[in-house]
Amino acid sequence: MKSLAFSLLLLFTLSVVAQSADDLANDDRSGDELSSDAWGDDEWGDSQWDVVDSPWSHAGFIEWAQGERLQSDDLFGDQTTLSEMRWHHQFDYSHDQFKFNWSHDVWFDSVPDSDTAGLLFDLRELNFQFSLGQKTDVVLGRQISTWGTGDLLFINDLFPKDWVSFFSGRDDTYLKAPADALRISHYQAWANWDLVITPRAEPDRFINGERFALFSPTAQSLVGGGEIINPKNSNEAEYALRLFKNLNGHQLALYAYHGIEKSPVGIHANNQPYHPRKNVWGASYQNTFGKGLLKAEIGYHKSLEDRRGSNPAVPNSEWRALLGYERELYKKLNWGAQYYLEHTTDHSQLLAQSPTPQFEPEQNRHVVTNRLTYQAMQDKLTWSLFVFYSPTDQDSYWRPSVNYRHNDQWQFTFGGNLFTGLEIHTFFGQFEEASNLYARIRWQF
Amino acid sequence: MKTLLLMLLGLLGWASAQAELPVADIIEQANQASFYAGDDGRSEARMIIVDSKGNKQLRQFVILRRDVADGGEQNFLVVFSRPSDVKDTVFLVHKKVGQDDDRWLYLPALDLEKRIAASDNRTSFVGSDFFYEDVSGRDPAADDHKLEHQDEAYYYLKSTPKDATAVEFNHYTMKIDQQTFLPMLIEYHNAKGEIYRRVEVVAVEEVQGHPTVMKSKVSNLNTGGYTLLEFRRPSYDLGMDESVFSLRSLRQPPRHWLQAQ
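Sequence lines, in order, name chains A and B.
Numbering-wise, my numbering puts 94 at position 94 of the first sequence, and it's gapless, one number per residue.
Numbering-wise, my numbering puts 200 at position 200 of the second sequence, and it's gapless, one number per residue.
Certain hints may be false.
[Claimed, not checked] Simulated DEER-style distance windows between Cβ atoms:
#1 A:V368 <-> B:I195: 42 to 48 angstroms
#2 A:L329 <-> B:D85: 23 to 29 angstroms
#3 A:L385 <-> B:K96: 28 to 34 angstroms
#4 A:M377 <-> B:E194: 20 to 26 angstroms
#5 A:L252 <-> B:G224: 47 to 53 angstroms
[To be verified] With a cut-off of at most 25 angstroms between alpha-carbon atoms, the simulated SDA-like pairs for lysine to any residue come out as follows:
#6 A:K380 <-> B:K56
#7 B:K114 <-> B:F80
#8 B:K56 <-> A:Y404
#9 A:K332 <-> B:G239
#10 B:K114 <-> A:L152
#11 B:K56 <-> A:L152
#12 A:K291 <-> B:S136
#13 A:K135 <-> B:L58
#14 A:K332 <-> B:N220
#15 A:K291 <-> B:G98
#16 A:K99 <-> B:R82
#17 A:K332 <-> B:F131
#18 A:K332 <-> B:R198
#19 B:K114 <-> A:V402
#20 B:K192 <-> B:H210
#21 B:K215 <-> A:S54
#22 A:K245 <-> B:A117
#23 A:K331 <-> B:L112
#24 A:K380 <-> B:D120
To be clear, the hints were calculated from the coordinates, so they are not data collected in a lab.
Note that this is a predicted model, so its numbers are computed, not measured.
Beta carbons are placed, not taken as given, at the ideal position from N, Cα and C, and that holds for glycine.
Start from the sequences, fold in the hints, and give me the full structure.
Here is the structure:
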């Protein structure tokens, strides 16, 4: 089954490329001449200009994706991690006073033995964007929000993320999940602020055992093969505030957040996982430095239900910090590195109170990341490798990928999500048997 | 004898100063005409990118520009509408002179406001044969310019980079229109003296008194690929203020200015 799916993908890729080669063979026009033909309306398609003039616009794609585990995970009957046909479409309407945005995904998920297989729908955007007076912008409705300086590391960005999509090889875009929220952005000469209110907390789409197994300290083993972690949704509201200023390229920001742990890392007395309440206070800075870009971010994650760190059923407060640098090493070859720290406060309390101290994280968890991106063939071919490595946990997560943009319609992506670890309870180590390769073919319109 | 020598030296010095002045003047005016017309401007633009095999791609965007100082710092805001994978992507540049620009990219699907590290300015702009530098302008002080000759209509210049290691060309030649000061043809030569890259102006129209390039073409003679760039409804001196080019415009592009004026 696995090899069949990949062969089909490969065949299909080859046929699209061959088809274009045929088109070209039939095209005897010399590319070097500035023929009137090349400027003619049939070349551009006159309607191309009209796109700007119409208040309505839309765009989308159809994508086929397939992913398989590299090795067998005994908790799962089938080793397929991704198998879907997806239709994404966005519509927007621009009016002088507002803009309306709609975007959705409809996909048929055919991962065998999956709790969520079948036809699925995800509304990603349904919002109105408008201004109040000269200095205030509002986005009301379902929306995706992002802030902070980290590259795939999040300290002050507590907006929902979709880790299942991220680990299974969907487009990077799907790492961010939508939330029903109100965003108010206010711009002043002295500083700007952003407030995002999510009346009903929107947790991450976390790893729950359904598609990938995870480590359970209670079971002292990996659990998975079905939806194991199924917490009750929190009724808390989330408030996220950012104060920011661009001072001649020096970008400064202060952050505050009141809401929940985005993953269900708390455990009720009845052994039911839940999302404990938390506050986050933070700051960030970024600017060019030498030929590159320097960024620094810090955040204090305050546990509201375990202020002294003595409750083993709720994570302790943490300091999180990152320092990053990125630059172009050579034409079209970009490199980025980050150092990231998670410092658990009251760590001795945690070890003293925990029923399973051997599985608790170290007081300081260090992570380094490296990103290499190379674009070739006039940006049509993109090679990318992102690596997380933790020297304290002795585990790592590798994300190699290659994307080929054949033309404005066809894109092909191959990649992997590779986890290594010495122990099954560490952050990346627990996903070792989730390591997978994937392929995607996209037709966009 | 000594006096004669001094006189000769003086004459030489005077002669070379005379030769330099027009070149600097031509370059200055060409830079103004190409990149600084009016105090600000907007235009719709579209590109056809044709590779060596004849495969075509399209790019369509609106570009807004505001000069902070004439011939100096500038701001650009580029909002893409086509193709669909870059629709609503916004590119903001605070262009500096003599130092790296500040650049931001906004990716709407992720709501990601991404600061971009400085990059080689002589690499593809959005996958086209145009370089970033062709669009935002090359620092005139980066090259030594020489007026080779002139006829009734054009100045013919040869420009050699001061830092040959920073660029891929050995030198380039420009054919500059004496009336408009627009470089109508730029040809890049490699170390062997061969032309491998050509930027040509195909159509010029006068807009609000400014001769404006409406169509241009860049050809990569090594690969046979080329890109056509066409502008529509350009306008100048709209009175856009600084805030149009602030980070706010990444998430909320200034709809008023994106529409035809």
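Against the structure, the hints come out as follows:
In this structure the hint that V368 (chain A) and I195 (chain B) lie 42 to 48 angstroms apart at CB holds, the actual value being about 47 angstroms. Roughly 26 angstroms separates the CB atoms of L329 (chain A) and D85 (chain B), a value that falls within the hinted 23 to 29 angstroms. For L385 (chain A) and K96 (chain B), the Cβ-Cβ distance of about 32 angstroms falls inside the hinted range of 28 to 34 angstroms, so the restraint holds. As the Cβ distance of M377 (chain A) to E194 (chain B) is approximately 23 angstroms, the hint placing it in 20 to 26 angstroms holds.
At roughly 48 angstroms, the beta-carbon separation of L252 (chain A) and G224 (chain B) lies within the given 47 to 53 angstroms, and the hint holds. Restraint check for K380 (chain A) and K56 (chain B): satisfied, since their Cα atoms lie roughly 12 angstroms apart, inside the 25 angstroms limit. About 16 angstroms separates the Cα atoms of K114 (chain B) and F80 (chain B), which keeps this hinted pair within 25 angstroms; it holds. Only pairs whose Cα atoms come within 25 angstroms are accepted, and K56 (chain B) paired with Y404 (chain A) is accepted, the gap being roughly 15 angstroms.
For the suggested pair K332 (chain A) and G239 (chain B), the alpha carbons sit about 36 angstroms apart, so the restraint of at most 25 angstroms is broken. At most 25 angstroms may separate the alpha-carbon atoms for a hinted pair to count; K114 (chain B) and L152 (chain A) meet this at roughly 12 angstroms. Between K56 (chain B) and L152 (chain A) the alpha-carbon distance is near 34 angstroms, which puts this suggested pair outside the 25 angstroms criterion. Our distance criterion of 25 angstroms between C-alpha atoms is met by K291 (chain A) and S136 (chain B), whose separation comes to about 19 angstroms.
The suggested pairing of K135 (chain A) with L58 (chain B) is violated, with an alpha-carbon distance near 35 angstroms, which exceeds 25 angstroms. Distance hint between K332 (chain A) and N220 (chain B) is fulfilled; the C-alpha atoms sit about 18 angstroms from each other, no more than 25 angstroms. Between K291 (chain A) and G98 (chain B) the alpha-carbon distance is near 13 angstroms, which keeps this suggested pair within the 25 angstroms criterion. As the CA atoms of K99 (chain A) and R82 (chain B) are separated by approximately 18 angstroms, the hinted pair is consistent with the 25 angstroms bound.
Restraint check: the Cα-Cα separation between K332 (chain A) and F131 (chain B) comes to about 12 angstroms, which is no more than 25 angstroms; the hinted pair holds. Restraint check: the Cα-Cα separation between K332 (chain A) and R198 (chain B) comes to about 22 angstroms, which is no more than 25 angstroms; the hinted pair holds. About 21 angstroms separates the Cα atoms of K114 (chain B) and V402 (chain A), which keeps this hinted pair within 25 angstroms; it holds. In summary, the hint linking K192 (chain B) to H210 (chain B) is not supported, as the alpha carbons are separated by about 38 angstroms, beyond the 25 angstroms threshold.
Proximity of K215 (chain B) to S54 (chain A) is assessed by CA-CA distance (about 24 angstroms); at most 25 angstroms being required, the pair is judged to hold. Annotation: proposed proximity of K245 (chain A) to A117 (chain B) holds, straight-line Cα distance about 19 angstroms (limit 25 angstroms). With a C-alpha separation of about 24 angstroms, the suggested pairing of K331 (chain A) with L112 (chain B) holds against the 25 angstroms cut-off. Pair hint K380 (chain A) plus D120 (chain B) holds up; C-alpha atoms about 18 angstroms apart against a cutoff of 25 angstroms.
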